[in-house]
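S.K.: As a plain string of letters, each chain reads:
Number of protein chains: 2
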Amino acid sequence: MKSYLEMTKDELTTELALERAILADWEAKNLTLDLTRGKPSQAQLDLSSKMLGVISDRGDCFSETGLDCRNYGILDGLPETKKLFAEFLGGVPEENIMVLGNSSLNAMYDTVVRCMLFGVAGGHEPWVRQGRIKFLCPCPGYDRHFAICRTLGIEMIPIRMTPEGPDMDEVYNYACSDPSVKGIWCVPKFSNPEGITYSDRVVEQFAALKPAAVDFRIFWDNAYAVHELYDEEVKLANVFDYALQYGTQDNFFYFASTSKISFPGSGLAIMVASEKNLEQIKPILATQTIGYDKINQMRHVKFFKDADGVRAHMKAHAALIRPKFEAVEQTFDKYLDGLGIARWTHPLGGYFISMYVYPGTAKRVYQLCRSVGVNLTQAGATYPYGRDPEDSNLRIAPTFPELSEIKQATKILCTCTKIAAAEKLLEKM
Amino acid sequence: MKSYLEMTKDELTTELALERAILADWEAKNLTLDLTRGKPSQAQLDLSSKMLGVISDRGDCFSETGLDCRNYGILDGLPETKKLFAEFLGGVPEENIMVLGNSSLNAMYDTVVRCMLFGVAGGHEPWVRQGRIKFLCPCPGYDRHFAICRTLGIEMIPIRMTPEGPDMDEVYNYACSDPSVKGIWCVPKFSNPEGITYSDRVVEQFAALKPAAVDFRIFWDNAYAVHELYDEEVKLANVFDYALQYGTQDNFFYFASTSKISFPGSGLAIMVASEKNLEQIKPILATQTIGYDKINQMRHVKFFKDADGVRAHMKAHAALIRPKFEAVEQTFDKYLDGLGIARWTHPLGGYFISMYVYPGTAKRVYQLCRSVGVNLTQAGATYPYGRDPEDSNLRIAPTFPELSEIKQATKILCTCTKIAAAEKLLEKM
Chain U
-2 MKSYLEMTKD ELTTELALER AILADWEAKN LTLDLTRGKP SQAQLDLSSK MLGVISDRGD
58 CFSETGLDCR NYGILDGLPE TKKLFAEFLG GVPEENIMVL GNSSLNAMYD TVVRCMLFGV
118 AGGHEPWVRQ GRIKFLCPCP GYDRHFAICR TLGIEMIPIR MTPEGPDMDE VYNYACSDPS
178 VKGIWCVPKF SNPEGITYSD RVVEQFAALK PAAVDFRIFW DNAYAVHELY DEEVKLANVF
238 DYALQYGTQD NFFYFASTSK ISFPGSGLAI MVASEKNLEQ IKPILATQTI GYDKINQMRH
298 VKFFKDADGV RAHMKAHAAL IRPKFEAVEQ TFDKYLDGLG IARWTHPLGG YFISMYVYPG
358 TAKRVYQLCR SVGVNLTQAG ATYPYGRDPE DSNLRIAPTF PELSEIKQAT KILCTCTKIA
418 AAEKLLEKM
Chain A
-2 MKSYLEMTKD ELTTELALER AILADWEAKN LTLDLTRGKP SQAQLDLSSK MLGVISDRGD
58 CFSETGLDCR NYGILDGLPE TKKLFAEFLG GVPEENIMVL GNSSLNAMYD TVVRCMLFGV
118 AGGHEPWVRQ GRIKFLCPCP GYDRHFAICR TLGIEMIPIR MTPEGPDMDE VYNYACSDPS
178 VKGIWCVPKF SNPEGITYSD RVVEQFAALK PAAVDFRIFW DNAYAVHELY DEEVKLANVF
238 DYALQYGTQD NFFYFASTSK ISFPGSGLAI MVASEKNLEQ IKPILATQTI GYDKINQMRH
298 VKFFKDADGV RAHMKAHAAL IRPKFEAVEQ TFDKYLDGLG IARWTHPLGG YFISMYVYPG
358 TAKRVYQLCR SVGVNLTQAG ATYPYGRDPE DSNLRIAPTF PELSEIKQAT KILCTCTKIA
418 AAEKLLEKM
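Protein chains in written order, with this note's numbering: chain U, -2 to 426; chain A, -2 to 426.
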């Protein structure tokens, strides 16, 4: 195919008319297709059906130590649940895990809020009393991380993503010079939406970081720790190993969940933190709640049994969603390759494909798609304040819809990408 | 029995020696008995055993409207779960309910924290920016309410309890004159630990209250809404009816949970608030989490079916715990009645008996009990800052232990009560 960038005005005009006609055909079909959120499909959820029944009577409710999971007791999670997480997360220190509620997002929100009201461990001033504070936001990134900052009035500084993680020069520049920079959001494996896994070098640089603020924290959201699309494991270095080496364990708040392993909303979330951090957090947490749902913790332990159980389960997930990712990429290849107006990521895991349309057209592509019943994540959502400086990035979430719907939606997305690019190029001529 | 207050020094000395000998016998038995926390017994938890199995496959996971409870979606709870709560709480407006996580304590903590960081609805200054703020604390009361204030640095003002609720003259005095008074903790039915149910007059006075602070809120923790010990229902007026009458709906944050209906830790918590309050809260909540455990919400709906289901279930609870409450009262009657050194409540519901030992001896009674293996809730715990001005109140939680253990523990408690009183009276002679 000829690149749009090399087309004459006439060629582009013809192309635009052609694609608009195709779109009109789609419009007539009154479609409703949804590529917005990273949700598992029903077939994926069915993989965990047997978990629903593993606890069916009182006898199933007693822990290894004889604790009655149906009653009050234990703030920070059953030992066997901690063990399961420690195993499948590969080396996260078991004794530093807290098994919390059903949502790692909630755990992260609560953690920022705790810092706001109580400061971090060591008796530092609460963030709320330090005037304007800032977080570093590698982007494109996870919109709900940014929403936490926005809601709490924390200024966000965008950080460029590279193929091996956040641009660490930028991170060091800000974090090591400005004591009002208090944190950074990281999705270190199969990042949302780029699908990037941080290189060992980047992980080590995070561990080696000596921030200007004594109360700086790295929010390490390992949301896709075991979410490989292919058989080959993508290795993420264990940040705690490096942190131990550099003596910076206190800088890290680590999060993970089973939301996309078992059930979103009915899974388990964990937080991992250093002894010093836990010593500060637990008494506050004990004021907030008596404890979390231990029956559901037991349900997970009984269903998965061990790390191998989790890994086998995730292979079954991959088998269901890999064809969907591949369908998106194949459709992009077929309709957009060589046009010079779009590029996209080739993730080996996670829940998203990140697409870059012609600069200045992401919002237009989003609107065009919407006009024919294809819902995408709002253009700009992957950037702090919803502001994509290039107006170029779109996040594609292919897991939830049926394969046929994904193919159709992606074709329409290609058409809209072409229309928006042609319009933009013609404007400039 | 002769009152201790009328005894001569010799009589008291004899009595003291006698009771000390009894205690020494108990000590030799190396007992471990626990009357500390309001926990259901295993037999009570067994009443909900069938709930564990009501959701055993995918087919059980779809709501009335076809929503897949296993996946993301719905921030504030399934409609059928709201309906169930609205029914059994008697007139709480269904559309104003949010079904939250597993813990109403957590919902209350989060609500205070939201007020600290965002202020209340209407654009008022966050509490955290208003200097020293205060809460009214009817007491004896629930220690975990007080812990929230203490942890968040909110000054606590004790309010006297009367047989029909908090002393409303005191409440009005503080709330209507001091704009730094921002809230009050209420357990309006079978209060913890007094077992008092607020009279209609008191409920109406709360609704009629015009606080000095525009951002004052009443934390209405209806923890024991259906927790009658006897067949006869104890009626608590619906505060929302009165609030509507006085136009003060915005003053109330209402909480309830199934922690002592189904499973502590694996139950459901709700919050009810006015439209105006919900309008402020929901967007913040949407930043905090994507949603709560809807499978567990469905589990509760399928098991209880309706308000009648809840009520029948609570009668079975009552049948199990009523004899325990009666055993405590009978033991008190037998060993303490007429001695003039102790009184106690006669609750018709809830989880506690509130005992008043001879002034200045509650801590001593607590220690004496502890020295022979009987654990009570810490003396003073039922007061702000753990300071019982009379050093007199003890909270007895008779639900968890076996009946035989309760009888034994209460006998020991009577012995310790007598010893401490005799010691104190002798001191004064």
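Mixed in with the good hints there might be a few duds.
Heads up, the list lumps identical chains together, so a pair's fine if it works in one copy or across two of them.
Stated by the list, open to error - Here are the simulated DSBU-like cross-link-like pairs (lysine-lysine), alpha carbons at most 30 Å apart as the crow flies: (1) K360 to K279; (2) K273 to K47; (3) K47 to K80; (4) K331 to K299; (5) K331 to K80; (6) K360 to K425; (7) K47 to K299; (8) K279 to K131; (9) K299 to K207; (10) K425 to K80; (11) K26 to K131; (12) K47 to K302; (13) K232 to K421; (14) K299 to K408; (15) K232 to K207; (16) K425 to K299; (17) K232 to K273; (18) K425 to K331.
Read the hints as simulated data drawn from the structure, not as lab findings.
S.K.: 30 Å Cα cut-off: does K360 pair with K279 within a copy, between copies, both or neither?
M.R.: Only across copies: K360 and K279 sit 27 Å apart there, 44 Å inside one copy, limit 30 Å.
S.K.: Between copies, within a copy, both or neither: which fits K47 and K302 at Cα up to 30 Å?
M.R.: both (13 Å within a copy, 24 Å between copies)
S.K.: Is it within, between, both or neither when you check K425 against K331 at 30 Å Cα-Cα?
M.R.: within (27 Å within a copy, 97 Å between copies)
S.K.: For K273 and K47, with the copy left unspecified, which applies at a CA distance of at most 30 Å: within, between, both, or neither?
M.R.: Answer is neither; intra-copy 39 Å and inter-copy 42 Å both fail.
S.K.: Within a copy, between copies, both or neither: where do K26 and K131 come within 30 Å Cα-Cα?
M.R.: neither (47 Å within a copy, 61 Å between copies)
S.K.: When Cα atoms must be at most 30 Å apart, do K425 and K80 count as within-copy, between-copy, both, or neither?
M.R.: Neither, since 60 Å and 58 Å both go past 30 Å.
S.K.: Within a copy, between copies, both or neither: where do K331 and K299 come within 30 Å Cα-Cα?
M.R.: This pair counts as neither: shortest intra-copy Cα distance 45 Å, inter-copy 49 Å.
S.K.: Measure nothing new, just compare the shortest in-copy and cross-copy C-alpha distances for K47 and K299 to 30 Å and report within, between, both or neither.
M.R.: Classified as both; 10 Å inside a copy, 19 Å across copies.
S.K.: Check K360 against K425 for me: Cα-Cα at most 30 Å, and say if that holds within a copy, between copies, both or neither.
M.R.: within (18 Å within a copy, 84 Å between copies)
S.K.: Between the shortest in-copy and the shortest cross-copy C-alpha distance, which are at most 30 Å for K232 and K207: within, between, both, or neither?
M.R.: Classified as within; 25 Å inside a copy, 61 Å across copies.
S.K.: Is it within, between, both, or neither for K279 and K131, if the alpha carbons may be no more than 30 Å apart?
M.R.: Answer is both; intra-copy 25 Å and inter-copy 25 Å each pass.
S.K.: Regarding K232 and K421, is the shortest C-alpha distance of 30 Å or less found within a copy, between copies, in both, or in neither?
M.R.: Result: close neither inside a copy nor across copies, 41 Å intra and 69 Å inter.
Hint compliance for this structure: hints 2, 4, 5, 9, 10, 11, 13, 14, 16 are broken, all remaining hints hold.
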